[in-house]
Amino acid sequence: MADIIKASQQKLDVLDNVARSGDRRTFLKWAGATVALFTVAGAAGCSDDDTTTNPGTGATLTNDDFGVLNYAYALEQLEAAFYTKVVASTGTGLSADEMKIMTDIRDHEIAHRDFFKAALTTKAIGSLEVDFSSIDFTKRDQILAAAKTFEDLGVSAYNGAGKLLQDANFLLIAGKIVSVEARHAATIRDLINPKNAGIGFAGDDVVDAMGLDMAKNPSVVLAAAKTYIKTSITNNLP
Amino acid sequence: MNMNENLFDAIDPEITEKVISRRNVLRGAGLMGAGLVLASVPATFALLSNSAFGKQNTPQDVTTVLNFALTLEYLEEEFYQRAITASGLIADAAEKAVFTQIHKHEAAHVAFLKGALGSAAVAKPTFDFTAGGAFPDPFTAGNYQTFLALSQAFEDTGVRAYKGQAGNLISDKATLTAALQIHSVEARHAAEVRRIRGLKGWITGSDPGAGIPPQAAAVYAGEQVTSQLNIQIAGSSAAASEAFDEPLTMEQVLAIAGLFIA
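So the protein sequences, as listed, match chains A and B.
Position one of the first sequence corresponds to residue 1 (the numbering used here), numbered consecutively onward.
Position one of the second sequence corresponds to residue 239 (the numbering used here), numbered consecutively onward.
Take the hints with a grain of salt, since some may be wrong.
As the list claims (entries may be wrong) - Within a straight-line C-alpha distance of at most 30 angstroms, the following computed DSSO-like cross-link-like pairs (lysine-lysine) qualify: (1) LYS438(B) - LYS139(A); (2) LYS195(A) - LYS216(A); (3) LYS226(A) - LYS411(B); (4) LYS163(A) - LYS230(A).
Keep in mind the hints are simulated off the structure, nothing from the lab.
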């Protein structure tokens with residue numbers, strides 16, 4: 001136990017020093033206190049490399065705010081890679097207007113991805129290797145169906161992750177992103193089924209009888225996303 | 239708080255006064271021009287009992303947050319109920335189906351929040367969707383564009399309103415999750431209404447989009463930011479602002495919603 005407390009104190013000191021190094025690092029300072037508290041409590045993962053950049057051997061999501069942020073970073077990496085591939089593809093069957101929408105969404109997902117990378121600094125997981133071999137990028141229907149899957153999954157992921165965040169600043173950031181993902185989801189659904197009540201922008205398949213959108217735990221979301229991610233992710237979140 | 243009171247009785251008097259002040263300014267500058275007679279301050283605003291609830295800069299308790307949400311949902315539910323039953327307003331059958339679906343969700347949100355609040359639920363206010371004559375009646379046949387513009391403004395405001403309250407629910411995980419689940423539904427609505435109006439589903443800068451009256455500028459104020467937690471967001475300023483929706487405080491939202499409470 002003494003070792004654990006000592007290790008967590010060292011970690012807190014490190015994070016505190018990082019935090020003092022500039023305004024941009026206030027992010028880490030907030031999270032630092034959370035990580036330290038969590039470690040003192042004796043829960044899993046008290047070593048300093050519990051969330052590390054291991055591009056070769058996979059990524060680990062710790063059961064704390066860093067883990068949740070890295071989880072979001074992983075999903076944004078997936079989305080950014082998908083739309084980057086869509087926009088770079090020819091013969092997709094998408095109209096010029098639809099391709100403009102794809103380009104907008106690509107830019108948003110890249111903005112999200114790069115934000116998390118910059119915010120997490122040394123705590124960020126590595127770049128994920130994606131696998132889109134199940135998607136035919138010459139077929140409009142397949143592209144839009146995959147986009148719908150990613151966006152609805154993203155909405156449910158952020159909705160389910162909110163309760164896992166300890167820090168209100170991170171919660172607000174997640175809130176700022178999830179509504180944009182929901183705007184994407186509605187737009188993609190509207191391209192597939194225009195102006196449709198039951199299966200369109202906010203269809204009965206995603207919004208329940210209480211008017212609530214889906215909320216899913218990381219383990220459920222990661223299982224669904226597994227088809228598209230080659231990198232092994234060790235998940236310690238619920 | 240009980241069913242005889244509305245939200246403005248339960249929150250900070252300073253907020254209520256600012257809402258009244260702003261509303262009167264807006265009405266004075268309304269589309270009706272100089273001939274507009276300012277509505278008298280409604281009794282509900284005048285009943286400024288000292289509130290047991292905290293000020294805006296301190297965390298609001300869960301009941302206040304839920305009653306705030308309920309008031310917005312009351313507004314949206316009645317707005318769509320009146321629109322889908324109005325004669326000759328929504329000519330396009332598919333668009334009528336869209337607004338019927340949106341109404342279904344808003345009605346479900348009202349029921350959900352009333353159920354969560356029980357006897358602590360605020361009463362439904364009386365709404366005036368012309369904002370005291372500032373806008374044409376949005377339910378009159380021929381005024382569909384006014385209806386659409388207000389719908390967009392209400393949905394985009396709703397998104398910002400729920401976002402602004404998430405932090406106040408951080409200790410109540412079940413309520414937080416439900417609020418997030420409503421929040422993203424409002425964002426889906428907003429995107430669809432924006433697309434019906436010929437706009438992108440997302441907000442660029444602080445641009446309300448064509449056809450939104452200048453009084454609605456507050457709905458989009460502050461959406462233009464391009465840095466988050468002091469990190470400059472990658473890409474063009476348009477993309478950087480679109481990629482993150484911004485919150486509004488309870489006070490800011492009530493200044494907007496209060497325009498439509500008679």
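So which of those numbered hints doesn't the model satisfy?
none
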